Amino acid sequence: MMFKKFNLNHYINYIVIGILTVVLSVITMTGGRLDSSLLFLLEKIAISIILAVSLSLVVGFLGELSLGHAGFMCVGAYIGGKVAALLEDSLGNGLPTFLIALLVGGGVAAVCGIIIGIPALRLRGDYLAIVTLAFGEIVKSLFQNTSDETFGGALGLPTPRFDKKYLFIIAFVLVLITLAVVQNFIRSKHGRAVTAIRDNEIAARASGINVTKYKLLAFTLSATFAGIAGVLYSFSNYTVQSAKFGYNYSIEILVMVVLGGMGSINGSIIAAALITFLNTKLATVLTGDLAVLQNLLYALILIVIVIYNNAPALKSFRDRYSLSVLWKKLIRRKHDPATHKDDEAKWDVVPTKIEMNEVLSIDVVPPEAKGNTGNGGDD
Amino acid sequence: MELFLSTLINGLSLGGIYAMIALGYTMVYGIAKMLNFAHGDIIMVGGYIIYVFMALNNPLLAIFMAVVGCVLLGILIEKVAYKPLRGASPLAVLITAIGVSYLLQSLAQIIFGSANKMVTVYDFGSVTILGVPMQVSALVTLGVTVVVMAALTLFIKYTRLGRAMIAVSEDKGAAQLMGINVNGIITITFAIGSALAALAGLFYLLKAPSISSTLGAMPGIKAFTAAVIGGIGSIPGAMLGGILLGMVECISYKITAIAPYTDAIEFSILIIILLVRPTGFLGKKRREKV
Amino acid sequence: MKLTKAFAVILALVFCLSAFAACSGPVNYAENNTEFVIGVSGPLTGGAAMYGIAVANAAQMAVDEINAAGGLNGVKFKLVAMDDKHDATLISTNYSALYEGGMQVSLGTVTTAPGLEFKNLSADDNVFFLTPSASGDDIPTNPNGYQMCFADGNQGKVAAEFVNANYKGQTIGAFYKSDEAYSKGIYDQFKANLDASVTVVETNFTDANTSDFSTQIDTLKNCGFIFMPTYYTPASLFMTQAKDILAADAVYYGCDGFDGIDNIDGFDITTIPQKVTMLSHFNSKATDGMAKEFIDKYVARFGADTLNQFGASAYDCVYAIYGAMKKAVDEGKDIPVTISASDLCEILKEQFNGGYTLAQGVTGENIKWETTGYVNKGAIQYVIKEANQAE
Chain P
281 MMFKKFNLNH YINYIVIGIL TVVLSVITMT GGRLDSSLLF LLEKIAISII LAVSLSLVVG
341 FLGELSLGHA GFMCVGAYIG GKVAALLEDS LGNGLPTFLI ALLVGGGVAA VCGIIIGIPA
401 LRLRGDYLAI VTLAFGEIVK SLFQNTSDET FGGALGLPTP RFDKKYLFII AFVLVLITLA
461 VVQNFIRSKH GRAVTAIRDN EIAARASGIN VTKYKLLAFT LSATFAGIAG VLYSFSNYTV
521 QSAKFGYNYS IEILVMVVLG GMGSINGSII AAALITFLNT KLATVLTGDL AVLQNLLYAL
581 ILIVIVIYNN APALKSFRDR YSLSVLWKKL IRRKHDPATH KDDEAKWDVV PTKIEMNEVL
641 SIDVVPPEAK GNTGNGGDD
Chain C
116 MELFLSTLIN GLSLGGIYAM IALGYTMVYG IAKMLNFAHG DIIMVGGYII YVFMALNNPL
176 LAIFMAVVGC VLLGILIEKV AYKPLRGASP LAVLITAIGV SYLLQSLAQI IFGSANKMVT
236 VYDFGSVTIL GVPMQVSALV TLGVTVVVMA ALTLFIKYTR LGRAMIAVSE DKGAAQLMGI
296 NVNGIITITF AIGSALAALA GLFYLLKAPS ISSTLGAMPG IKAFTAAVIG GIGSIPGAML
356 GGILLGMVEC ISYKITAIAP YTDAIEFSIL IIILLVRPTG FLGKKRREKV
Chain H
15 MKLTKAFAVI LALVFCLSAF AACSGPVNYA ENNTEFVIGV SGPLTGGAAM YGIAVANAAQ
75 MAVDEINAAG GLNGVKFKLV AMDDKHDATL ISTNYSALYE GGMQVSLGTV TTAPGLEFKN
135 LSADDNVFFL TPSASGDDIP TNPNGYQMCF ADGNQGKVAA EFVNANYKGQ TIGAFYKSDE
195 AYSKGIYDQF KANLDASVTV VETNFTDANT SDFSTQIDTL KNCGFIFMPT YYTPASLFMT
255 QAKDILAADA VYYGCDGFDG IDNIDGFDIT TIPQKVTMLS HFNSKATDGM AKEFIDKYVA
315 RFGADTLNQF GASAYDCVYA IYGAMKKAVD EGKDIPVTIS ASDLCEILKE QFNGGYTLAQ
375 GVTGENIKWE TTGYVNKGAI QYVIKEANQA E
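Residue numbers (my numbering), protein chains in the order written: chain P, 281 to 659; chain C, 116 to 405; chain H, 15 to 405.
Keep in mind that the hints were calculated from the coordinates and are not lab data. Nothing here was measured: the structure is a model prediction, and the numbers come from that model. The C-beta atom is built at its ideal place from N, Cα and C for all residues, glycine as well. Among these hints, one or two may not hold up.
Pairs of lysine-lysine residues, derived as PhoX-like cross-links and limited to a Cα-Cα distance of at most 20 Å, are as follows [as the list claims (entries may be wrong)]: (1) P:524 to P:561; (2) H:341 to H:363; (3) C:369 to H:235; (4) H:347 to H:90; (5) H:299 to H:289; (6) C:198 to P:595; (7) H:306 to H:391; (8) C:287 to C:198; (9) P:595 to C:194.
Residues from chain C that face chain P, not an exhaustive set, calculated with beta carbons under 8 Å [said to hold, decoys possible]: (10) 196; (11) 203; (12) 207; (13) 209; (14) 210; (15) 211; (16) 383.
Distance windows between CB atoms, simulated [what the hints assert, rightly or not]: (17) C:383 to P:303: 46 to 52 Å; (18) C:238 to P:482: 55 to 61 Å; (19) P:302 to C:226: 46 to 52 Å; (20) P:394 to H:180: 51 to 57 Å; (21) C:171 to H:306: 38 to 44 Å; (22) H:157 to P:443: 16 to 22 Å; (23) C:289 to P:482: 18 to 24 Å; (24) C:261 to P:600: 53 to 59 Å; (25) P:561 to H:46: 18 to 24 Å; (26) C:266 to H:206: 52 to 58 Å; (27) H:348 to P:573: 41 to 47 Å; (28) C:292 to P:465: 42 to 48 Å.
Start from the sequences and build out the full structure, keeping to the hints where you can.
What follows is the structure, given as structure tokens:
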């Protein structure tokens, strides 16, 4: 990872999102009109991308399941929204207010991340999942029952909405910042340490990796960006109502990460955009009890994708017929090690707490991965 | 005294239901080493089966069908969703379980609609004990729970099958070498857990004659909390945890100032227990195998 | 590799398409309308579905009647109803779909929580709304918003006055949902207006437990009067579980959320020995007048299952909007079918703030609006839904 040529693949997501943001910004700045439905959709997509990318850090790279991501977002939304509401009178509803709200909201969420990260050091797997879930419910319940003067309680917290013509630009700038931080983290030695912990905590510890530090780091980073997504949410709505931040929303974010392929940032981005787009479109198309079909779809996505990618019995099938294999056959191209991407979805290797007796067999690196520069989503 | 008695009975009967659900969690966790997230939703399915068969106005038939239906469903879920993942990473299994839970909820909503359905299984009426009026159904719930728990404990302790279950939970590999059909035992565990969930569904309907697709979600999570408090994998622990949680919930609802925070309180207890004593009150400490 | 390419292609396509679509948006989304479009967002599914469906049905009925009578100088009306599942997060989507679909005037939302979002979005575009049933005190605070129902604060206050008059010096019970805008809003106002001599035993519940109320019932078991500002589903469950525990002569006193409690499938209110009363502006058992006509028409077309005051209120809303538009036209205003929502809003605001009166409505007579958007109509009827039954 030392001397690398400029690798387009590493930067493609920044480039694409950046160009599109600039194009759309130019349209609005030069007096062009965008429908509010589109603006709202863009805001929602940006929020989802930030959430999915940050959750992907914990689920895909650290290999722990967090079911309280919406809880961190809730903290960010309420704290950020409250700060904005307080500052609105003196600073107005502009960029300074937004930035302060962002810092405070993200900061408090980060603190919560540390608080929840501490049990994360002691617990793992199912227990940790339940603790994060409990955290999400506690946060929701606390904000729901505040008095009207503090956080609005049952009525929700009224927050200043940022001018919709410009909010989406800020939102996508935040997406780029999130990507920059998370991707650089993953591609750095810290990221490799985190994936090493995922693949085998004991071995990682034995190799001198400070497990405590990296787990806490990943958790806090993830919570911070969830908080930032929350602040963004409070600026894109007139009220922050805690009912939104339940367990179901955490699951929805998880679906994005799973659908995108765990351990794939680009996959998470596409899945987040796609699911958010479908959500809004389906909400206007599907009415009545048919609207539940959406949830049914999520459930099936979760089950089918996870079983397909993880079932030991399907391994040989996957090796022969997986999308990437078929793709290679189709274009009859040899695998070029130079183009091998570090955060590419690698499903059969994802998050395991491998027992020691299995480690021996894991050491055999498949020939394909040998050219890899070493890192991210590989074994 | 009156306050004490009524809170005690309410707490015990609610705790009994939690214990019933927690048993399912704890047994599955102990034997299959997985958190069956869909367990709570089997309660809901049981409730809906009762709702459907109550059209025939025969409570006993409805209850019987609910138990049979839930057992079959539990086995089906295990075979289709969990069995293929045996040996895969725990994270994959957990996500699949969440998927199954979501699937059951949305299917129920598609079939029965999102509005609450009302069904009265049997109206036991109420009775006054020591000057405290209370619903007979609460007492029935309590009674049945105690009987079921006792039966289950005896079953596990004194029958071949029960001991095989203990063996599998202790060491799958060794159990298999001893000629125990591990897959069969896991299936049976799911079947028993689901039957208990069906009964829990019945008790919920006895308490409040209303059912919706999310009936089982919260109780499921709370029962897991109960299982953790008692020590996961331990049957008496599940009972103890369930009763404790039920009492806490009732007392908390009683105190108006903290009533809205009841969930927060229960979940805080969970987090604290996990931090201070991850094995719960009665759980065994397991050393991580290397 | 493939993922990166797919990524670039997909995102680029989506954005470019949306950007192209974006530039062409008209300033007046109603410019191609051939009918006046009335939009409404309400819970057509979920726990409060009975209200949304009632509003959509009754408003459609009013629209059809107006159209059958020739519309507004020959121009017909069209109702577009969208489902928000009582979820505020769906409002931005619903609202923009309605607005960009040509909505010129709105019935707002059916319930309060989504309404808090709707009122501001519609204020940004200056779209007039007259909500039949979103009763939150904050709903009509923007200049473009009006209510047909009584505001929560008002309901709580009237309930408190009733208690002050009838239960002075006594102990009463209260049961509400602490995490719901509607329920908490009414209760807070109720408590604020209550006479100091009245002691309240209060108990509440949250979203996490909406069915098992044994503890709450136990708390209230000695109360002879229970104030219950909740929606009908939890209320019916409370009553079922409490029927043998509370005194048979106890009284339940609910607000407009009680509406429809006698129409729940599987819940027979006659099995409840206690007396059930509610605050309402509509009597679903009315035997004469507009209300009777409305009930007959509604039941004949949609059945009695969803007959409630929300529908009645929506029916009045449509007629009020129609009446105000007609009055403006009679006064010489030009209202073309393609009028923008904002222009129509100015005309309607002028009417509503200028003393426009709906002389005969299903939910009252001489209905007027204050410039704050709150409704001003005849005293609230205190309707006894179910008399005390001897068992």
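Structure-based check of all given hints:
no., hint, result
1, P:524 to P:561, "holds (19 Å)"
2, H:341 to H:363, "holds (12 Å)"
3, C:369 to H:235, "holds (12 Å)"
4, H:347 to H:90, "holds (18 Å)"
5, H:299 to H:289, "holds (16 Å)"
6, C:198 to P:595, "holds (15 Å)"
7, H:306 to H:391, "holds (19 Å)"
8, C:287 to C:198, "holds (15 Å)"
9, P:595 to C:194, "holds (18 Å)"
10, 196, "holds (6 Å)"
11, 203, "holds (4 Å)"
12, 207, "holds (4 Å)"
13, 209, "holds (6 Å)"
14, 210, "holds (5 Å)"
15, 211, "holds (5 Å)"
16, 383, "holds (6 Å)"
17, C:383 to P:303: 46 to 52 Å, "holds (48 Å)"
18, C:238 to P:482: 55 to 61 Å, "holds (58 Å)"
19, P:302 to C:226: 46 to 52 Å, "holds (48 Å)"
20, P:394 to H:180: 51 to 57 Å, "holds (55 Å)"
21, C:171 to H:306: 38 to 44 Å, "holds (40 Å)"
22, H:157 to P:443: 16 to 22 Å, "holds (20 Å)"
23, C:289 to P:482: 18 to 24 Å, "holds (23 Å)"
24, C:261 to P:600: 53 to 59 Å, "holds (55 Å)"
25, P:561 to H:46: 18 to 24 Å, "holds (22 Å)"
26, C:266 to H:206: 52 to 58 Å, "holds (54 Å)"
27, H:348 to P:573: 41 to 47 Å, "holds (45 Å)"
28, C:292 to P:465: 42 to 48 Å, "holds (46 Å)"
Violated hints for the displayed structure: none, as all numbered hints are satisfied.
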